[in-house]
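Student: Residue strings, one per chain:
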Amino acid sequence: MRDAAQTGDFCIRTKGRRIVIIGNGISGITCARHIRKRDPEAHITIVSGETEHFFSRTALMYIYMGHMTYAHTKPYEDWFWEKNRLELVHDWVTSINFEQKELQLQQQEPLKYDILILALGSKPNMFNWPGQELEGVQGLYTYQDLQKMNDNTANCRHAVVVGGGLIGVEMVEMLLSRNIPVTFLVREKHFWEHILPKEESELVMRHLREHHVDLRLQTALKELLDDGAGKVSAVVTASGEEIPCQFVGLAVGVKPNIELVRNTQLEVNKGILVDQRFATNIPNVFAIGDCAEYRVPVPQRQRIEQVWYTGRMHGETLAHNLTHPEPVAYTPGPWFNSAKFFDIEYQTYGMVPSRWEEPVTSFYWEHADGKIAFRAVFNGETKKLHGVNCLGMRLRHDFFDQALRESWTVEQVLVKLHEANFDPEFYERHHRDILQAYNRQLGTDLQQEKKEKKGLLSYLWR
Amino acid sequence: MNAIQKLGLGVFLLALLLFNALLFMGRFELTVQELEQSVKQEHVEVLRQELQPMLGKTYTSSFGFATDFNRYLDNYNEEQQRSQQWDRVIWDDYAFALARVASQGFVENNKLLLLFLTVILGAAGALVNILPKYRGEPAGIKNNGIMFSSNKARGVVGITIGVYLTAIYVLLYWYPEYLVNWALLVDPLSYALSGGPASQWFLYGTIYTLAILVMGVRMFRKYKGNNYQLLRTASVMFFQLSFAFLIPEVLVLLNLPWYDLKNIWPLDYDFFFEYSVASMLGSGSIGLFLFIWGILLIILAVPLFTYFYGKRWYCSWVCGCGGLAETAGDPYRHLSDKSLKAWKVERWMVHGILVIITVITLLTIANFFTEFALLKQSTDMLHQWYGFLIGSAFAGVIGVGFYPLMGNRVWCRFGCPLAAYLGLVQRFKSRFRITTNGGQCISCGNCSTYCEMGIDVRWYAQRGQNIVRSSCVGCGICASVCPRGVLKLENGTEQGRITDIPFLTGNESINVLN
Numbered sequence: 001m002r003d004a005a006q007t008g009d010f011c012i013r014t015k016g017r018r019i020v021i022i023g024n025g026i027s028g029i030t031c032a033r034h035i036r037k038r039d040p041e042a043h044i045t046i047v048s049g050e051t052e053h054f055f056s057r058t059a060l061m062y063i064y065m066g067h068m069t070y071a072h073t074k075p076y077e078d079w080f081w082e083k084n085r086l087e088l089v090h091d092w093v094t095s096i097n098f099e100q101k102e103l104q105l106q107q108q109e110p111l112k113y114d115i116l117i118l119a120l121g122s123k124p125n126m127f128n129w130p131g132q133e134l135e136g137v138q139g140l141y142t143y144q145d146l147q148k149m150n151d152n153t154a155n156c157r158h159a160v161v162v163g164g165g166l167i168g169v170e171m172v173e174m175l176l177s178r179n180i181p182v183t184f185l186v187r188e189k190h191f192w193e194h195i196l197p198k199e200e201s202e203l204v205m206r207h208l209r210e211h212h213v214d215l216r217l218q219t220a221l222k223e224l225l226d227d228g229a230g231k232v233s234a235v236v237t238a239s240g241e242e243i244p245c246q247f248v249g250l251a252v253g254v255k256p257n258i259e260l261v262r263n264t265q266l267e268v269n270k271g272i273l274v275d276q277r278f279a280t281n282i283p284n285v286f287a288i289g290d291c292a293e294y295r296v297p298v299p300q301r302q303r304i305e306q307v308w309y310t311g312r313m314h315g316e317t318l319a320h321n322l323t324h325p326e327p328v329a330y331t332p333g334p335w336f337n338s339a340k341f342f343d344i345e346y347q348t349y350g351m352v353p354s355r356w357e358e359p360v361t362s363f364y365w366e367h368a369d370g371k372i373a374f375r376a377v378f379n380g381e382t383k384k385l386h387g388v389n390c391l392g393m394r395l396r397h398d399f400f401d402q403a404l405r406e407s408w409t410v411e412q413v414l415v416k417l418h419e420a421n422f423d424p425e426f427y428e429r430h431h432r433d434i435l436q437a438y439n440r441q442l443g444t445d446l447q448q449e450k451k452e453k454k455g456l457l458s459y460l461w462r
Numbered sequence: 001m002n003a004i005q006k007l008g009l010g011v012f013l014l015a016l017l018l019f020n021a022l023l024f025m026g027r028f029e030l031t032v033q034e035l036e037q038s039v040k041q042e043h044v045e046v047l048r049q050e051l052q053p054m055l056g057k058t059y060t061s062s063f064g065f066a067t068d069f070n071r072y073l074d075n076y077n078e079e080q081q082r083s084q085q086w087d088r089v090i091w092d093d094y095a096f097a098l099a100r101v102a103s104q105g106f107v108e109n110n111k112l113l114l115l116f117l118t119v120i121l122g123a124a125g126a127l128v129n130i131l132p133k134y135r136g137e138p139a140g141i142k143n144n145g146i147m148f149s150s151n152k153a154r155g156v157v158g159i160t161i162g163v164y165l166t167a168i169y170v171l172l173y174w175y176p177e178y179l180v181n182w183a184l185l186v187d188p189l190s191y192a193l194s195g196g197p198a199s200q201w202f203l204y205g206t207i208y209t210l211a212i213l214v215m216g217v218r219m220f221r222k223y224k225g226n227n228y229q230l231l232r233t234a235s236v237m238f239f240q241l242s243f244a245f246l247i248p249e250v251l252v253l254l255n256l257p258w259y260d261l262k263n264i265w266p267l268d269y270d271f272f273f274e275y276s277v278a279s280m281l282g283s284g285s286i287g288l289f290l291f292i293w294g295i296l297l298i299i300l301a302v303p304l305f306t307y308f309y310g311k312r313w314y315c316s317w318v319c320g321c322g323g324l325a326e327t328a329g330d331p332y333r334h335l336s337d338k339s340l341k342a343w344k345v346e347r348w349m350v351h352g353i354l355v356i357i358t359v360i361t362l363l364t365i366a367n368f369f370t371e372f373a374l375l376k377q378s379t380d381m382l383h384q385w386y387g388f389l390i391g392s393a394f395a396g397v398i399g400v401g402f403y404p405l406m407g408n409r410v411w412c413r414f415g416c417p418l419a420a421y422l423g424l425v426q427r428f429k430s431r432f433r434i435t436t437n438g439g440q441c442i443s444c445g446n447c448s449t450y451c452e453m454g455i456d457v458r459w460y461a462q463r464g465q466n467i468v469r470s471s472c473v474g475c476g477i478c479a480s481v482c483p484r485g486v487l488k489l490e491n492g493t494e495q496g497r498i499t500d501i502p503f504l505t506g507n508e509s510i511n512v513l514n
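Chains as they are written, first to last, in UniProt numbering: chain A, 1 to 462; chain W, 1 to 514.
These are computed hints drawn from the structure, not numbers from a lab. Every residue gets a Cβ at the ideal spot worked out from N, C-alpha and C, and that includes glycine. Keep in mind that the hints are not guaranteed to be accurate.
What the hints assert, rightly or not - Covered stretches of chain W (chain A as the covering partner; in silico rule of three or more C-beta atoms under 8 Å from a C-beta of chain A): (1) 193-200; (2) 481-491; (3) 496-507.
To be verified - Computed cross-link-like contacts, DSBU-like style, restricted to lysine-lysine with a CA-CA straight-line distance of at most 30 Å: (4) W/K6 / A/K74; (5) W/K133 / W/K344; (6) A/K37 / W/K344.
Taking the hints into account, I'd like the entire structure generated from these sequences.
Tutor: Dropping the structure here:
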């Protein structure tokens, strides 16, 4: 009976099909939820060895900092899974038999599937530094990593974090929240150099230094020293400097976590190779999230997208494909992302590269206090907007999503910028200054498009 | 914590210690003359007999005095009740008044000095601890270590504070005679403001106001750079100091009824009870103004302001309960229960209490207009029970005493009938909402964690849905703690206020129409 006949070429669509998802991160869970919405009969099982329940990976740092407990980071209450008949298996998958369509688990009975969704996530990069296996040296990605970091930093007097990216700066912030002094090694000339233009990067670095981060630019890690008992005692930089420390956070990017499927029939490169509908080379096996690598990348996107938001969109899209007769190609809208560097929030909409060439040009405005900035990158001839960065202020996603989809010019955007404001009430507003700065820099005379409402009451709450 | 801050904390704790020690100090000696002056004429004779063993006797603390008094009075009353002589039972509560007049010695003779050493020095110590906070640190969210804190995460310190506060509230509401020494302390202030001696309520008002002011300063430090929080805090500090504390006392000085101009029925549950109405209408044109003002607040201010700004205009900008919750209660805001179950309980309870007080009030008014033919005096019993269960036990003892256990808005969320009324307007006819910023949510949970009303803000944010909830008091903390700029408190058009989008902004793969 379980010999499911394929009713379409995309996936098995029999009633009561067994869908097994490996990985309970944002991709796997989003996919499971959306399948359940459209297919009430499917048996959906989610396997994870990391934690029993879905938690927000982006919130790991807040557990360490004492802003939240682990329980707070669970986006759904524990009854949610049973109520929605999403079976949770808290175990590690040790191997997959693609022929028998069966998973071997570490503790529990093997699991059969009709459809398998791989949402395996990432793991921290390690570049074979001498001493990287020492105690007190670690990356940060999983809940287990967090627990390890908690233990590893219990008696730490000085820490070193390696890698000028988002996880690096998060680890620095985490350590400082426990009053552990940190030396932050960044190989590049600027923080997050391949993403942030120079001005934004400098703004962030000023802020890091304001938080007493010992920021070392153009400093690469050479090796890690043993204290004689298997614990790290210092790092040595490429220039030979020795920095004593009891903890080293390695945050030099992540890579797809695909050890489980390496050397199987599944085609992999850096990640699991998928088409635009997230199908792998094996029928009824799909991959989404950090572990998926597009055979043909979406225009202007990376082959592997390791972002919360893209993971979520993968989940939505694959769920759609598994529950609709006509599968669609993954078509993300305009790029967006966000982060927070200590106290300074960052949002970006559209494509803002770290460097650009004619005819692309850029307009940058920075507040006098040096903590708020806005950049628009656009085509210097047509003025068509490519993207914006903002730091220390909040902008409306829907506004820029529309502007970018409809190919607005930078000037169309700037005269309406007050509509994009998303800062809390009573905050200083910047749209006039930004427009003035643009007029000055480009010799234009643009006027704000429409006066904001100035009714007596709305004025109070502007 | 630097040395100065530690000093401040030390001074505060010493002042608190002395403050509590005061309850066990002083001498209490009741004379016949004092008894005669303090009780109703018809009770003088009985009490003189019954309290004979106490008269002229010196007690070394208010506890001994009050215990004896209550025992003698209870004996007498029980005897009358046994013999069914109901009219002879003394229902009046004389314990506090008699303890006051009987007080002698150390506390009585050193009011100003002791006021300085306890209340004033305590507040000063707290400020010395608070003012240097976050000095030299950039503005930003200051929630480090909260979940590791014994005070803030239901540890030993938190539980101790909860038990202490609960005990104080129990004494304040039902055994004020044990707190008589504290009331004596604030006598000088009471005389200066209203020309009369301090009751336990004046004492309570003083401490309450001071708590809002001092902890308001803490809010200024903690949320520096956040204009919404700063203005909102300044507002509750202002309304507490002026409307709730100073103006009512001045009204009393002018022989007008004590009246808090910002307290609104049904939070001000006895507004329509006979004694309140009589007191207002018996106070000339200003009394009449107060009565009309109170009615206008109910029928005009609540719907109108809530329509434009949401219930926050009251709950987190004006209200006294809200004022304490948002200042002294801020360290405990994350302790609210976020579960769906708690939300269900909340809806039944808070709306149930609104129904109950509305029925009681309507009965009272109907009874009044039928010249008490309808229910005779039995509405009094309803008033007493409501006052005891809701006004005192719920709003006070649980409402504040349980801050360190259940969060700072237990009363506002589960009990306050005015919040329920404001909430109904906010839910069904208002321009206020918390807007979610497209697809930017990362489900981290800071918003839900720090929501004092126990709203699972993230539930909505991660679905790209605006938050329109009757209980939201608009404190704005969710928007502050959000690390990705996803939430914004807004007053906008009603159209598009409640949203439900199938897919979040940013994914164009799926044409929803198919």
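Student: Check each numbered hint against the structure and report the violated ones by number, ascending.
Tutor: As far as the earlier hints go, 1, 4, 5 are violated by this structure, in ascending order.
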